[in-house]
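Take the given structure of chain A and dock chain B to it, following the hints.
Chains as they are written, first to last, in this note's numbering: chain A, 1 to 554; chain B, 1 to 130.
Keep in mind that the hints were calculated from the coordinates and are not lab data.
Idealized CB from N, CA, C, for every residue including glycine.
Hints are not guaranteed to be accurate.
[Said to hold, decoys possible] A short, non-exhaustive set of chain A residues, derived as facing chain B with CB atoms under 8 angstroms:
| hint | residue |
| --- | --- |
| 1 | Thr29 |
| 2 | Pro111 |
| 3 | Asp112 |
| 4 | Ala120 |
| 5 | Trp124 |
| 6 | Leu125 |
| 7 | Phe137 |
| 8 | Phe191 |
| 9 | Met198 |
| 10 | Leu320 |
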Amino acid sequence: MSHTITAPETSHESHDEHHGPSGLLKWLTTTDHKIIGLSYTITAVVMLVIGGALAELIRAQLVTSNGHLVSFAQYNELFTMHGSIMIYLFAGPFAFGALANIIVPIQIGAPDMAFPRLNALSYWLYLTGSITMLLGFFTAGGAANFGWVGYAPLTSSLNAPGAGADLWIGGLMLTGFSAIFTGVNLVATIFYLRAPGMTMFRMPIFTWNLLVTAILILLAFPVLTAGLIMLYADRHFGTHIFSVAGGGVPVLWQHIFWFWGHPEVYILALPFFGMATEIIAVFSKKPVFGYKGMIFATISIAALSLGVWAHHMFTTGVVLLPFFSIMSLLIAVPTGIKIFNWIGTMWRGEIWFSTAMLMAIGFLITFLIGGLTGIYLASPPLDFFTHDTYFVVAHFHSVVMALVLAGMGGLYYWGPKITGYLLNERIGKAQFWFLFIGTQVFTFPQYILGLQGMPRRMAIYPQHPEWANLNALSSLGALLIGVSTVLFVVNIIVSWKKYPAGDNPWDAQTLEWFTTSPPPHHNFYRLPQIRSERPTWDHNHPEHKAIAHGHHEE
Amino acid sequence: MRVEAKLLLFLGLFFGAMCAVYWTWSLENAGGVMMFAGMLLCFLPGSYYFWWSRRMKTRPEDDPNATTEVGAGVVGSFPGSSIFPFLLGMGSFFVVLALVFGIWLLIPGLALVLWALLGGTSEGRRGGNV
Numbered sequence: 001m002s003h004t005i006t007a008p009e010t011s012h013e014s015h016d017e018h019h020g021p022s023g024l025l026k027w028l029t030t031t032d033h034k035i036i037g038l039s040y041t042i043t044a045v046v047m048l049v050i051g052g053a054l055a056e057l058i059r060a061q062l063v064t065s066n067g068h069l070v071s072f073a074q075y076n077e078l079f080t081m082h083g084s085i086m087i088y089l090f091a092g093p094f095a096f097g098a099l100a101n102i103i104v105p106i107q108i109g110a111p112d113m114a115f116p117r118l119n120a121l122s123y124w125l126y127l128t129g130s131i132t133m134l135l136g137f138f139t140a141g142g143a144a145n146f147g148w149v150g151y152a153p154l155t156s157s158l159n160a161p162g163a164g165a166d167l168w169i170g171g172l173m174l175t176g177f178s179a180i181f182t183g184v185n186l187v188a189t190i191f192y193l194r195a196p197g198m199t200m201f202r203m204p205i206f207t208w209n210l211l212v213t214a215i216l217i218l219l220a221f222p223v224l225t226a227g228l229i230m231l232y233a234d235r236h237f238g239t240h241i242f243s244v245a246g247g248g249v250p251v252l253w254q255h256i257f258w259f260w261g262h263p264e265v266y267i268l269a270l271p272f273f274g275m276a277t278e279i280i281a282v283f284s285k286k287p288v289f290g291y292k293g294m295i296f297a298t299i300s301i302a303a304l305s306l307g308v309w310a311h312h313m314f315t316t317g318v319v320l321l322p323f324f325s326i327m328s329l330l331i332a333v334p335t336g337i338k339i340f341n342w343i344g345t346m347w348r349g350e351i352w353f354s355t356a357m358l359m360a361i362g363f364l365i366t367f368l369i370g371g372l373t374g375i376y377l378a379s380p381p382l383d384f385f386t387h388d389t390y391f392v393v394a395h396f397h398s399v400v401m402a403l404v405l406a407g408m409g410g411l412y413y414w415g416p417k418i419t420g421y422l423l424n425e426r427i428g429k430a431q432f433w434f435l436f437i438g439t440q441v442f443t444f445p446q447y448i449l450g451l452q453g454m455p456r457r458m459a460i461y462p463q464h465p466e467w468a469n470l471n472a473l474s475s476l477g478a479l480l481i482g483v484s485t486v487l488f489v490v491n492i493i494v495s496w497k498k499y500p501a502g503d504n505p506w507d508a509q510t511l512e513w514f515t516t517s518p519p520p521h522h523n524f525y526r527l528p529q530i531r532s533e534r535p536t537w538d539h540n541h542p543e544h545k546a547i548a549h550g551h552h553e554e
Numbered sequence: 001m002r003v004e005a006k007l008l009l010f011l012g013l014f015f016g017a018m019c020a021v022y023w024t025w026s027l028e029n030a031g032g033v034m035m036f037a038g039m040l041l042c043f044l045p046g047s048y049y050f051w052w053s054r055r056m057k058t059r060p061e062d063d064p065n066a067t068t069e070v071g072a073g074v075v076g077s078f079p080g081s082s083i084f085p086f087l088l089g090m091g092s093f094f095v096v097l098a099l100v101f102g103i104w105l106l107i108p109g110l111a112l113v114l115w116a117l118l119g120g121t122s123e124g125r126r127g128g129n130v
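Bound-form chain A, shown alone (with noise of 0.2 angstroms):
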């Protein structure tokens, strides 16, 4: 049964609450984008704390530099399933379809995604993915042990004969079909559903942001499931696409992964730039300082970013190093116009700092840091010297730990629109303190070790014992991040229908906020005239409204 859903301000009984099936069922049929978007949140969130776990097993091995905790092949289960845990299953996910499906379409005024089958598909999809994946730890050779990067031939059915590597295989394959069908919604969404008004340069920057990750998506995923199924090829049918015995071409492997792998870092990135942008205009009470200048940094960045890849491979000697270093470069300069912005929207604000505005500030200050060294690694001759050192594993860490702070402050931002209840703010704060110090004392031994040449994924080190005390101080960083996430189910718990929220507790400003909390089934009753990006502030405050771009008031 579909539903001929009339604009706002028409008909109000066809946005009445949809009477569907109820309980169970009710989550396994429907095509709601907010109730996709929220079991989304919680299977990511799961996925995190999985992660999460296995990070803190990883740490505690390497503690001492002669560890007993777990063997060499549970080690290279370990930081295997991390990274692919934390990088496929938990921060794409997480960004493109959880917050993104609940926030977008209410963000432009639509009733909900442009495909809503297609959305539950993907949901769908992305569970069985990653249950596949995760069934590898209960196989006989146990989960995939070659990297999250699965680099050849240590894919080959000879290295990682078991089940556990075509469990990943598969689960990537269905993660990948499902993050493909959302970028199809998420574009189709914004080009065809926005309200009346909502041109494209009166979007959130949050959309913007997910409207460029959706192209990066379809650009950078197939070729990833593309070469999955070459992977699988190679080890089941005897194709040698990969394998220097048959004439293939190990390296092959690297270009096609890395070709998704750095867009990859942008469609992970992006979102979460966009939550910053959002919290921080909200909490500093200003517009966003330079709009059009942010989404074109974005543009940019993702423009840019399909030039990349090979820098992760500098140190294999086949590829064009100036090419790859000079476009490596020149992500710095849209990314610093951003950091700017950023700092320009704070500038001379009413700063009011709540959890989600402790968690961006904490997401610039981390993504400063990964994003300059960064800038170190593109550069071939540092490269060389760090590559595969813990000088990396800092950098991305530091990269993606920003990325968490920045989501965490978009669950309390729009946890209420979701909820219709506020989380308690004094346990966020501590939750913030936790997983902002944890995050620079997890990082910054690992710098230092990377410079002093202890080299990634080795599970003991007895030849260094001298690396024994800066491990131990990383893995307290880590240990201080476990309790901050521990602190944030605890804050779930104690603020369980707790404090009613409103419909626009923070006074915010774009249309999400116009609707109740939560939303209405298609989201809205009625909608305002929109003739800015900040339509909710415009109705709000029809004494400060916005001043098109360009004018000025007289």
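Same frame as chain A, now just chain B:
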């Protein structure tokens, strides 16, 4: 629709230029082909949108002065709850598991996929009007 088209065309042009520089400089085929395909993927919908945007009237969402009343009427037809996405997802799950644990799992997998495709299609045909 003009902005949407320009966004895709700009990305396509950029990828094309990048591809030309990269391939002539490096003569490396894998990256060249992938960037060329990226260019095509942007040009395909981008040129269609551009062509179409020159022939269509300004949509309410593209008009900066549009009022909410202009958008009144039918927005679209949205499906209600449906079990078929779940069944298709489960079918795909079994098909992938068949690649790992045994070809016999294709039987429930393909059965679920077929059921979901037939059921979903007929459900779509029964749906409301746009």
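- prompt: Of the hints given before, which are not true for this structure?
  reply: Going through the list in order, the structure violates hint 7 alone and respects the others.
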